Amino acid sequence: MDLLVVAVLTGIIGLGLGIAGILAFRFSERSRSPIDLHSESELPDGIAEVLAVLPSAAIVIDAGDDVVKASPAAYTYGLVRGHELASPELLAVVRRARMRGLIEELDFEQQRSSNARVARHLHARVAPLGTAFVLVLCDDQTEARRLDAVRRDFVANVSHELKTPIGAITLLAEAVTDFADDPEAVGRFGSRMQRESKRLAQLVQEIIDLSRVQDHETPAATELIPIGRVIEDAVDRATTRADAKSITLQVVSGGEWYVEGNFELLVNAVRNLVDNAISYSNERTQVGIGAKLDDGRIAIAVTDQGIGLSTEDTERVFERFYRVDPARSRVTGGTGLGLSIVKHIVATHGGEIRVWSKLGQGSTFTILLPIAGGDDGRALEQAAEQGILISTGPDHEPGPDHEAGQDAAPVAADAPVDTTEQRKQTT
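In terms of numbering that gives the first Met the number 0, the sequence shown opens at residue 0 and continues consecutively.
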C-alpha cells in the first residue's frame with residue numbers, strides 16, 4: 000500500500016514538473032517572440048492575415064497600451080521595445096485615436112541606433128480596431144525625403160543659374176536701347192550680350208544632357224568604340240580653349256582598346272574632364288590625357304597642373320552645380336554641371352570615376368570602363384559574331400597638336416590612376 004502511495008505521489012510530482020517545464024518554455028518563447036503577445040483569436044477576424052502581407056511596419060496595441068502583435072519591420076524601425084511602443088510621441092497619438100475613435104496621422108523621427116548620425120523619417124497612420132485595439136501602420140519616408148530635398152535644391156540651383164544670365168541680358172538690352180546713338184557702346188554691350196547668351200545656352204544644354212543620362216541606366220544605342228578615337232575627338236574639341244590659355248594638351252595611349260557604349264556620350268565625358276582641367280589650370284601649363292589598362296579595365300586619366308582640390312572639394316566635386324572656385328567659374332563660364340554629367344555617363348557605361356588631387360599641385364580624374372570582349376583581345380571578333388557596329392567616330396583628321404604629344408606626355412602616363420592611398424572613389 001505504501002509503495003502504491005509513493006508511486007502515485009511520484010507520478011503527480013512528475014506531471015507537475017512536466018507542466019511547469021512546458022509553461023516555462025512557452026513563457027520563454029513568448030518573451031522572445033516579436034509578435035502574438037495575446038491570442039490571435041482576440042483580434043478581429045482577418046487582421047493577422049492582412050498584417051502579414053502589408054509592406055508597412057504594423058503594430059496592434061490593446062487597451063492597456065501593450066503591443067499585441069508587431070511585424071518584423073516594426074522592430075527593425077525601433078518602434079517596439081519589449082511589449083511597449085518606443086516612441087512617446089507615437090503612443091500619445093495612439094491614445095488620442097482610441098479616445099476619439101478617429102484615424103490619426105503623424106510624421107516623426109525615430110533614431111536608428113544609439114550611434115547613428117541620421118534619424119529615420121517615418122509616417123504613421125493610427126486607426127482604432129473596434130473598442131479593444133488600435134492599429135499602427137508606419138512607412139519609412141527617409142529616402143523620399145532625401146529625394147525631395149535633392150529636387151528642391153536642383154530647382155533652386157537651376158532658378159539661380161538661369162536668373163544670372165537672363166538678368167544680365169535684360170540689363171544689356173536696356174543699355175543698348177539707351178545708347179542707340181552710340182555705335183561703340185552698342186557694339187560693346189552687344190558683345191557682352193552674346194557672351195551671356197552663350198552661357199545661358201550652355202547651361203540649358205547641360206541641364207538637358209544631365210536629364211538624358213539620368214533617365215537611362217544604359218546607353219540607348221551602343222557600338223564598339225576604340226578608346227583612342229574617343230580621346231582624339233575629345234582633345235580636338237578642346238584645342239581652341241587650350242590654345243587661348245597657351246596650355247599644351249599632351250596625349251598618351253598605350254594600346255588600342257575597345258569599349259561598348261555610345262561614342263558621343265563618351266567623347267562628351269572625356270571632353271568635360273579636359274575642359275575642366277583647362278578651366279582650373281594657369282596659363283602656359285600642361286594637361287595630360289592618357290589611357291592604360293588598370294586591373295582589367297581601361298583607365299582614361301586627365302591630369303592637370305592646376306589649383307588642386309581640398310578634401311572637402313574632393314568629396315563634393317561631382318555634385319550638381321558645385322563649383323570649387325565660383326569666381327573662376329564666372330570668368331570661364333562654367334555651370335557646375337560638367338562633372339556631374341561625366342559621373343552619370345560613366346555610370347551608364349558600367350564604369351566608375353575617381354579623383355586624386357592635392358592643393359597647389361593639380362588633379363587627376365580617372366574614368367574606369369570595362370573592356371569590350373574582356374582581356375583576350377577578341378573584341379573585334381566578338382563584335383563581328385554579334386553584329387555589333389564598330390564606331391570610328393566622326394570623319395575628321397586630328398590636329399597636329401595631338402600627334403606632337405605622343406612621346407612627351409609623362410603627365411598622364413605617370414598619373415596616379417591606380418594609387419590606392421591617394422585617390423578618392425566617387426560613386
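Incorrect hints may appear among the rest.
Said to hold, decoys possible - Restricting the straight-line Cα-Cα distance to at most 25 Å, the calculated cross-link-like pairs of lysine-lysine (DSS-like) are:
id : residue 1 : residue 2
1  : Lys244    : Lys197
2  : Lys244    : Lys162
3  : Lys197    : Lys162
4  : Lys291    : Lys197
Said to hold, decoys possible - Now the in silico label distances, taken between C-beta atoms and shown as ranges:
id : residue 1 : residue 2 : range
5  : Ala155    : Ser196    : 20 to 26 Å
6  : Leu146    : Arg111    : 14 to 20 Å
7  : Arg111    : Leu53     : 17 to 23 Å
8  : Asp138    : Gly81     : 32 to 38 Å
Keep in mind that the hints were calculated from the coordinates and are not lab data.
The model shown is predicted, which means the values in this text are computed figures rather than measured ones.
The C-beta atom is built at its ideal place from N, Cα and C for all residues, glycine as well.
Structure-based check of each hint:
1. Lys244 with Lys197: holds, 20 Å
2. Lys244 with Lys162: violated, 29 Å
3. Lys197 with Lys162: Holds - the C-alpha atoms of Lys162 and Lys197 are around 14 Å apart, at most 25 Å.
4. Lys291 with Lys197: violated, 36 Å
5. Ala155 with Ser196: 20 to 26 Å: About 23 Å separates the Cβ atoms of Ala155 and Ser196, which means 20 to 26 Å holds.
6. Leu146 with Arg111: 14 to 20 Å: holds, 19 Å
7. Arg111 with Leu53: 17 to 23 Å: Since Arg111 and Leu53 have Cβ atoms about 22 Å apart, the given range 17 to 23 Å holds.
8. Asp138 with Gly81: 32 to 38 Å: violated, 23 Å
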